[in-house]
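Since the structure of chain A is provided, determine the placement of chain B on it from the hints.
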Amino acid sequence: MYQPPFLKSLLIAAMLATPAAHAATAYVSNEKDNTLSVIDLDTMEVTKTIEVGERPRGIALSKDHTKLYICASDSDTVQVMDLATHKIIANLPSGEDPEQFSLHPDNRRLYISNEDDALVTVVDTETHEVLAQIEVGVEPEGMAVSPDGRWAVNTSETTSMLHWIDTETHDLIDNTLVDQRPRHVEFTKEGDILWASSEIGGTVSVVDVATRQIIHKLTFQIRGIHPDKIQPVGVKLSADGRYAFVALGPSNHVAVVDAKTYEVLDYLLVGRRVWHMEFTPDQKYLLTTNGVSGDVSVIDVDKLKVIKSIKVGRYPWGVVTLD
Amino acid sequence: MNKLPRLLSAATLSIPLLASAATTPLEIEIGYIGFEPDHGPVLSNILPEPADAGLKGAELAINDSNTTGRFLKQHYTLHARSTDQPDQIVPMTQALYDQGIRLMVLNLTREQLVAVEAELPDDVLLINAGSQDNALRTEQCIPGMLHSMPSRAMLTDALAQWLMTKRWKRWLLLEGQTPEDRAYADSVARSAQRMGAVIVERKQWSFDTDLRRTAQKELPPFTQTDEYDVVVVADERGDFGEYVPFNTWYPRPVVGTQGMSPVVWHRVVEAWGAAQLQSRFEKLADRWMNGRDYASWAGVRTLAEAVTQTGETDPAALKQFILSDKFQLGAFKGRKLTYRDWSGQLRQPIPLTHPRALVSQSPQAGYLHPVTDLDTLGFDQRESQCSVKGDS
Numbered sequence: 001m002y003q004p005p006f007l008k009s010l011l012i013a014a015m016l017a018t019p020a021a022h023a024a025t026a027y028v029s030n031e032k033d034n035t036l037s038v039i040d041l042d043t044m045e046v047t048k049t050i051e052v053g054e055r056p057r058g059i060a061l062s063k064d065h066t067k068l069y070i071c072a073s074d075s076d077t078v079q080v081m082d083l084a085t086h087k088i089i090a091n092l093p094s095g096e097d098p099e100q101f102s103l104h105p106d107n108r109r110l111y112i113s114n115e116d117d118a119l120v121t122v123v124d125t126e127t128h129e130v131l132a133q134i135e136v137g138v139e140p141e142g143m144a145v146s147p148d149g150r151w152a153v154n155t156s157e158t159t160s161m162l163h164w165i166d167t168e169t170h171d172l173i174d175n176t177l178v179d180q181r182p183r184h185v186e187f188t189k190e191g192d193i194l195w196a197s198s199e200i201g202g203t204v205s206v207v208d209v210a211t212r213q214i215i216h217k218l219t220f221q222i223r224g225i226h227p228d229k230i231q232p233v234g235v236k237l238s239a240d241g242r243y244a245f246v247a248l249g250p251s252n253h254v255a256v257v258d259a260k261t262y263e264v265l266d267y268l269l270v271g272r273r274v275w276h277m278e279f280t281p282d283q284k285y286l287l288t289t290n291g292v293s294g295d296v297s298v299i300d301v302d303k304l305k306v307i308k309s310i311k312v313g314r315y316p317w318g319v320v321t322l323d
Numbered sequence: 001m002n003k004l005p006r007l008l009s010a011a012t013l014s015i016p017l018l019a020s021a022a023t024t025p026l027e028i029e030i031g032y033i034g035f036e037p038d039h040g041p042v043l044s045n046i047l048p049e050p051a052d053a054g055l056k057g058a059e060l061a062i063n064d065s066n067t068t069g070r071f072l073k074q075h076y077t078l079h080a081r082s083t084d085q086p087d088q089i090v091p092m093t094q095a096l097y098d099q100g101i102r103l104m105v106l107n108l109t110r111e112q113l114v115a116v117e118a119e120l121p122d123d124v125l126l127i128n129a130g131s132q133d134n135a136l137r138t139e140q141c142i143p144g145m146l147h148s149m150p151s152r153a154m155l156t157d158a159l160a161q162w163l164m165t166k167r168w169k170r171w172l173l174l175e176g177q178t179p180e181d182r183a184y185a186d187s188v189a190r191s192a193q194r195m196g197a198v199i200v201e202r203k204q205w206s207f208d209t210d211l212r213r214t215a216q217k218e219l220p221p222f223t224q225t226d227e228y229d230v231v232v233v234a235d236e237r238g239d240f241g242e243y244v245p246f247n248t249w250y251p252r253p254v255v256g257t258q259g260m261s262p263v264v265w266h267r268v269v270e271a272w273g274a275a276q277l278q279s280r281f282e283k284l285a286d287r288w289m290n291g292r293d294y295a296s297w298a299g300v301r302t303l304a305e306a307v308t309q310t311g312e313t314d315p316a317a318l319k320q321f322i323l324s325d326k327f328q329l330g331a332f333k334g335r336k337l338t339y340r341d342w343s344g345q346l347r348q349p350i351p352l353t354h355p356r357a358l359v360s361q362s363p364q365a366g367y368l369h370p371v372t373d374l375d376t377l378g379f380d381q382r383e384s385q386c387s388v389k390g391d392s
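Which chain is which? The protein sequence lines are A and B, in order. Take the first sequence: its position 268, counting from 1, is numbered 268 in this note's numbering, and each next residue is one higher. Take the second sequence: its position 326, counting from 1, is numbered 326 in this note's numbering, and each next residue is one higher.
Next comes chain A alone, as it looks inside the complex (with noise of 0.2 Å):
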């Protein structure tokens, strides 16, 4: 059969550049290691790993996929690394200690929290400039940018507070009180509906976006798992709107939440002190990163079964997958 020759050089010349743009790829941040670890998603593999910056936590990928911004907590920077090279290109002034963040549907602005300092500073991520620093609650963790844009939430931990900052403006237009030490919050794909999480409390909040009010709280029971150890931290949404689900920390177990009802309909197992999760692109795997195991569990979400583990570095922390 007949191939272009130039079509076959650009495709040898691609395998040997971005070994991972073939397969969808997971990055995983390594909060210890100060290094990403780089899973092939076919082979479910560990296929490299690249050293960054010093306490590497939240990790988000540009609206194009092409650019990966990594908190980088312990260097006062947000990373930018070319996802064809893996090289960092640009260091963005996130203000100091940033640790999580959330960038705009315009593919511009990025939403840092400022863990160390109770700010949220905004920064352009074309011109490198700050466009604004806000101040909010101790502790700035969580961090979530409506999908219409409008809105960024961030959670204060200390403070026990969703803080609602207007877009526009860049004010703080109100605040909505949580359970003990918030740690995450997720808008639904429509924007109509926020979830946040409370670490301490044990709980997650459902509020409406409209009204900025709980209208609904969700509780967790592991049979044999004390009250206090199921910690509520991430929580992703899929994309067909059926489930959410909610890692539970030191519980070492994800719940599965019928997202139309709120009823907790399974405790998966996974590996030790479960954080952060992250979907395949495909929707048919979660991936969860567990700091404490130092590995990734897959669960399958169709069958709801954690299928396999994969070792990466010490104290895996954020986790992001493309295509």
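Hints were generated in silico from the structure; no laboratory data involved. Keep in mind that the hints are not guaranteed to be accurate.
[To be verified] Listed next, with one range per pair, are the computed distances between beta-carbon atoms: (1) L61/A x D123/B: 56 to 66 Å; (2) T49/A x Q177/B: 53 to 63 Å; (3) T165/B x H65/A: 27 to 37 Å; (4) E282/B x T219/A: 57 to 67 Å; (5) K305/A x P220/B: 56 to 66 Å; (6) H65/A x S82/B: 56 to 66 Å; (7) T165/B x K217/A: 28 to 38 Å.
[Unchecked claim] Calculated lysine-lysine pairs in the DSS-like style (CA-CA distance at most 30 Å, straight line): (8) K217/A x K32/A; (9) K229/A x K203/B; (10) K217/A x K73/B.
Even for Gly, the Cβ is constructed at its ideal location relative to N, Cα and C.
Only chain B this time, still in chain A's reference frame:
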């Protein structure tokens, strides 16, 4: 660029409970009394206890509470007084009361706490952030007083649980000469009995031995007793205890007030978000946060959390809320903390540390309790005559 000044006017409330407070800021005034004694000469004075231990923790808690308070129109002020003169304590507390201050965190000894409580009228809420005295939690309860500082029994039970999980059951107990050392050693003896360990011998380090010789020469014969698995040291001010590790007759670990210690707090605790608390503290105080700082921090945060949740500043209402099952304190120890509604003691996990690392944290797995495993540390309800809930 910086929008800070506009922030205050923009912050609105979404909690109906607190809506009434939105018009005028709620002023919360908290008193802090610290006794900063001279600990006397010690053999090892390389790392002295900072004089402002406790005070800096209270200051940090006020800062933390004001950051939260901004969004709720609450403003916290600390009125801190410290002295090294025991006879100044009661007048200083009285003066704070006369200023109208009804919420106080006290970094004091047992005798001072008793005197302060006896002097003040009943419409106050007092939190002990200084004394680890076991009697205050059992038979010499001070009416209405809460304790953010753990008791010695909580510390020694935490240690004993860990030793038992290691199956190190034979202990040599060494104590210094102060009443505090004796109290610690008594608490170790109680924990040994409770957990099923054996104290092969209890010896006092009197240091009336040949002073021309060094610890290296003195300690091996001093620790030459029936064989033990571990040496437990009770030397709270750090006089001789620092010299026990590596100088024992048998090659055995050293635990207790030196070696590996059960502590209220230590720089090496960094899980559960503690790294952030540590770095906030270091920025404020320019030193590491210790157990006294932590207890005062937790005391002030207890009051502030209760104000945030209830919108009240009345001492009786706050006390009732703090002792209810609605109260929970996020305090960087991996789980929410609550108060025992009989002794007023803040339940808390106890880290076990050596100077450069965290070894473990008690309660240990397998130590169970019908209410909470945290109640396997210290005195349970039936061991205590206190009834803090019923006190005025």
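Legend entry - Numbers of the earlier hints that this structure fails to satisfy, in rising order: 3, 4, 8 and 9
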